[in-house]
Amino acid sequence: MKTLEELKALKAKALQNMGIRDDQAATTRIVVGMATCGIAAGARPVLTAFTEEVAKRQLQDVAVSQTGCIGICQYEPVVEVFRTGEEKVTYVKMTADKVARIVAEHIVNGNVVTEYTIGACTK
Amino acid sequence: MYRAHVLVCGGTGCTSSGSAKIITAFESELEQANLGNEVKVIRTGCFGLCAEGPIVIVYPEGCFYSRVQPEDVAEIVAEHLVKGRPVKRLLYKETVVDETTIKSLNHTGFYEKQHRVALKNCGVIDPENIEEYIAYDGYQALAKCLTEYTPEQVIQIIKDSGLRGRGGAGFPTGLKWSFAAANKADQKYVCCNADEGDPGAFMDRSILEGDPHALLEAMAIAGYAIGATKGYVYIRAEYPIAVKRLEIAIAQAKEYGLMGKNILSSGFDFDLEIRLGAGAFVCGEETALMTSIEGKRGEPRPRPPFPAVKGLFQKPTVLNNVETYANIAQIILNGPEWFTAMGTEKSKGTKVFALGGKINNTGLVEVPMGTTLREVVEDIGGGIPNGKKFKAAQTGGPSGGCIPAHLIDTPIDYDNLLAIGSMMGSGGLIVMDEDNCMVDIAKFFLEFTVEESCGKCTPCRIGTKRLYEMLEKITKGEGTLEDLDKMEALCYYIKENSLCGLGQTAPNPVLSTLRYFRDEYVAHVVDKKCPAGVCKDLLQYSIIEDKCKGCTACARKCPVGAISGSVKNPHVIDTAKCIKCGACIETCKFDAIIRK
Ligand SMILES: Cc1cc2nc3c(=O)[nH]c(=O)nc-3n(C[C@H](O)[C@H](O)[C@H](O)COP(=O)(O)O)c2cc1C
Ligand code: SF4
Ligand code: SF4
Numbered sequence: 000m001k002t003l004e005e006l007k008a009l010k011a012k013a014l015q016n017m018g019i020r021d022d023q024a025a026t027t028r029i030v031v032g033m034a035t036c037g038i039a040a041g042a043r044p045v046l047t048a049f050t051e052e053v054a055k056r057q058l059q060d061v062a063v064s065q066t067g068c069i070g071i072c073q074y075e076p077v078v079e080v081f082r083t084g085e086e087k088v089t090y091v092k093m094t095a096d097k098v099a100r101i102v103a104e105h106i107v108n109g110n111v112v113t114e115y116t117i118g119a120c121t122k
Numbered sequence: 000m001y002r003a004h005v006l007v008c009g010g011t012g013c014t015s016s017g018s019a020k021i022i023t024a025f026e027s028e029l030e031q032a033n034l035g036n037e038v039k040v041i042r043t044g045c046f047g048l049c050a051e052g053p054i055v056i057v058y059p060e061g062c063f064y065s066r067v068q069p070e071d072v073a074e075i076v077a078e079h080l081v082k083g084r085p086v087k088r089l090l091y092k093e094t095v096v097d098e099t100t101i102k103s104l105n106h107t108g109f110y111e112k113q114h115r116v117a118l119k120n121c122g123v124i125d126p127e128n129i130e131e132y133i134a135y136d137g138y139q140a141l142a143k144c145l146t147e148y149t150p151e152q153v154i155q156i157i158k159d160s161g162l163r164g165r166g167g168a169g170f171p172t173g174l175k176w177s178f179a180a181a182n183k184a185d186q187k188y189v190c191c192n193a194d195e196g197d198p199g200a201f202m203d204r205s206i207l208e209g210d211p212h213a214l215l216e217a218m219a220i221a222g223y224a225i226g227a228t229k230g231y232v233y234i235r236a237e238y239p240i241a242v243k244r245l246e247i248a249i250a251q252a253k254e255y256g257l258m259g260k261n262i263l264s265s266g267f268d269f270d271l272e273i274r275l276g277a278g279a280f281v282c283g284e285e286t287a288l289m290t291s292i293e294g295k296r297g298e299p300r301p302r303p304p305f306p307a308v309k310g311l312f313q314k315p316t317v318l319n320n321v322e323t324y325a326n327i328a329q330i331i332l333n334g335p336e337w338f339t340a341m342g343t344e345k346s347k348g349t350k351v352f353a354l355g356g357k358i359n360n361t362g363l364v365e366v367p368m369g370t371t372l373r374e375v376v377e378d379i380g381g382g383i384p385n386g387k388k389f390k391a392a393q394t395g396g397p398s399g400g401c402i403p404a405h406l407i408d409t410p411i412d413y414d415n416l417l418a419i420g421s422m423m424g425s426g427g428l429i430v431m432d433e434d435n436c437m438v439d440i441a442k443f444f445l446e447f448t449v450e451e452s453c454g455k456c457t458p459c460r461i462g463t464k465r466l467y468e469m470l471e472k473i474t475k476g477e478g479t480l481e482d483l484d485k486m487e488a489l490c491y492y493i494k495e496n497s498l499c500g501l502g503q504t505a506p507n508p509v510l511s512t513l514r515y516f517r518d519e520y521v522a523h524v525v526d527k528k529c530p531a532g533v534c535k536d537l538l539q540y541s542i543i544e545d546k547c548k549g550c551t552a553c554a555r556k557c558p559v560g561a562i563s564g565s566v567k568n569p570h571v572i573d574t575a576k577c578i579k580c581g582a583c584i585e586t587c588k589f590d591a592i593i594r595k
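Residue numbers (numbering that gives the first Met the number 0), protein chains in the order written: chain A, 0 to 122; chain B, 0 to 595.
Quick caveat, the hints were computed from the structure, so don't treat them as lab data.
Check the hints yourself; a few may be wrong.
Computed from the model, here is a short list of chain B residues facing chain A with C-beta under 7 Å [unchecked claim]: (1) 4; (2) 58; (3) 142; (4) 246; (5) 250; (6) 253; (7) 263; (8) 264; (9) 266; (10) 267; (11) 560.
Note that beta-carbon positions come from the ideal geometry of N, C-alpha and C, so glycine has one too.
Produce the entire structure from the sequences given, and follow the hints as far as they go.
In structure tokens:
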């Protein structure tokens, strides 16, 4: 490393990998239901897809985590999205294919993908 | 990209309680669960709450697991990392609010009143990975100095911050740097005192183990400020983990071009070497330390000349303590006003204390200067175990003194501690309760200094020995009131006539206990009693007639046949024969035997 710019660039890159350790910084939390029912229904690939998508887009303030049984097993895999100041959005019957769209439209641009939500499903 | 980080404390405390096994267990369990590339395991430095170790923190949830055993790891992986259900039974109890809510660690009693500056990265980053340090502003302060400030400006910033040395005496750091900068020489040196001789202190070790780059960066900044291209870290060989992390840090800094020739194309060169000390207390004294780096026997020499004029290899030298350095980069980045906003009028910033003794939360705490002893003991330290009463706190280690209960509301800073007959020292803080005998405490520290006196000058070598003998006489019940006065006079003589700080401060533990606990000394010499029940020679064993059932258990147990009596009749102890072994007390089922 020879210049200040290089140091700054390295800092930005390194900080990316550290984001999840700041429990205050995340303004968006994507929580995947990962109890036995969720895992059986295929929650694992969904979780992996979210992690990869968030990393690919270098989203600093987004944390991906898992939780236990959310209590609506017939709709598993279930994913909940919490954004500061907004109501929780619950996506149901998730697959890895749906992840990219949710990240692009909801997480980045703030438009809920209504057709994947629990509301659309119970209608 | 990892979706979760598992931070395991790899400080000396947790390592000795088995954290290395926990790391291995996590790695193999994660591998089995196929989570190896989703969950990262990181070994960090000390989190501070050593009493609750080994400690594991899982992010992004920030769950704080305490007293984790290798057997628990499978459950944490299966439950928390696979299914996302924190393992409640292992969570640090104060962070569990109710069934579903977990409090952040920052809001627990132990951490809430703390303010982490010197320990900022300890337990937060992987000390063996320079990129994690860089992520949290690492080397930005050095870059700023090299590209934006002249050496004079750097010194002015440190002066304006009011930072004082954390190694003992509290000398203003900026002023020290300016002296060394003013002396022209073909070569100057920057040294770090990582000898940490105070037996109760371990903050320097924790910084070295948890955030070694902070030291490297600060030493390079000091080098730039005074015009030195070479530095030495003098560290005791008993700190193997710290030495290893320091070596790794230096190698990485060189690899990244942040140490060595022409750093960040600024034309500034800086190189660091490690020197291992054999652990003699006196080698922490600045002149002895430099003599030892030179390869000679570590003995103090008279000052002046001061190190800023003639230090290491007779060249102008700056020597600072590890914790002092740990503040430097943040002062540069945040500005001196940020630093002066913390602390008291003459003591700015924070201080790290090693809490030990009779206290619930033993460990490392960092608080703003001016925090009261009560806040440290009661709020952060969680009070005294077993419902006992606070009697005194000892600060400053073998050079310091005891603060009695009636001064517990004293705001802790350099000047207040000196005024009440103790000192900041390196920050050891040992809490004592009613069961501690103050004469015995004084004797304990004197024994240490007698052992550690280098012997170069007579007042210290002979004086501390005599002082120790007098204390021993008192704890044996052979002292007189006259001895107390003689002892006090000897203390002042040693203080005034010793060559170095060791001798000059060695009598402090005696003077301060004499000042605040004279009645306890008097009880030893006049009543021949040790009120706290510690001094063995002053204890008498006796049997309470009413309580004794005459079961004969004690008589059979006594190794010297000092107990006599017939079955079903009260027994008696022959105090002339009794060797005070205590065996009878443990044997008696009726609590009939007392020690007083
Ligand atoms: C007997 C003796 C032992 C000392 N031990 C240490 C030590 O272990 N660590 C330390 O930093 N300073 C120690 N000091 C203080 C140093 O001499 C010196 O004042 C200090 O390292 C300067 O750094 P500072 O200004 O950053 O505090 C000791 C002093 C004496 C007299
Ligand atoms: S005061 Fe004690 S330790 Fe210091 S030089 Fe004299 S004998 Fe050695
Ligand atoms: S203290 Fe030991 S020696 Fe003394 S009476 Fe009890 S058992 Fe015997």
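Consistency of the hints with the structure:
no.: 1; hint: 4; result: holds, 6 Å
no.: 2; hint: 58; result: holds, 5 Å
no.: 3; hint: 142; result: holds, 5 Å
no.: 4; hint: 246; result: violated, 20 Å
no.: 5; hint: 250; result: violated, 15 Å
no.: 6; hint: 253; result: violated, 11 Å
no.: 7; hint: 263; result: holds, 6 Å
no.: 8; hint: 264; result: holds, 5 Å
no.: 9; hint: 266; result: violated, 12 Å
no.: 10; hint: 267; result: violated, 13 Å
no.: 11; hint: 560; result: violated, 66 Å
The earlier numbered hints that this structure contradicts are 4, 5, 6, 9, 10 and 11.
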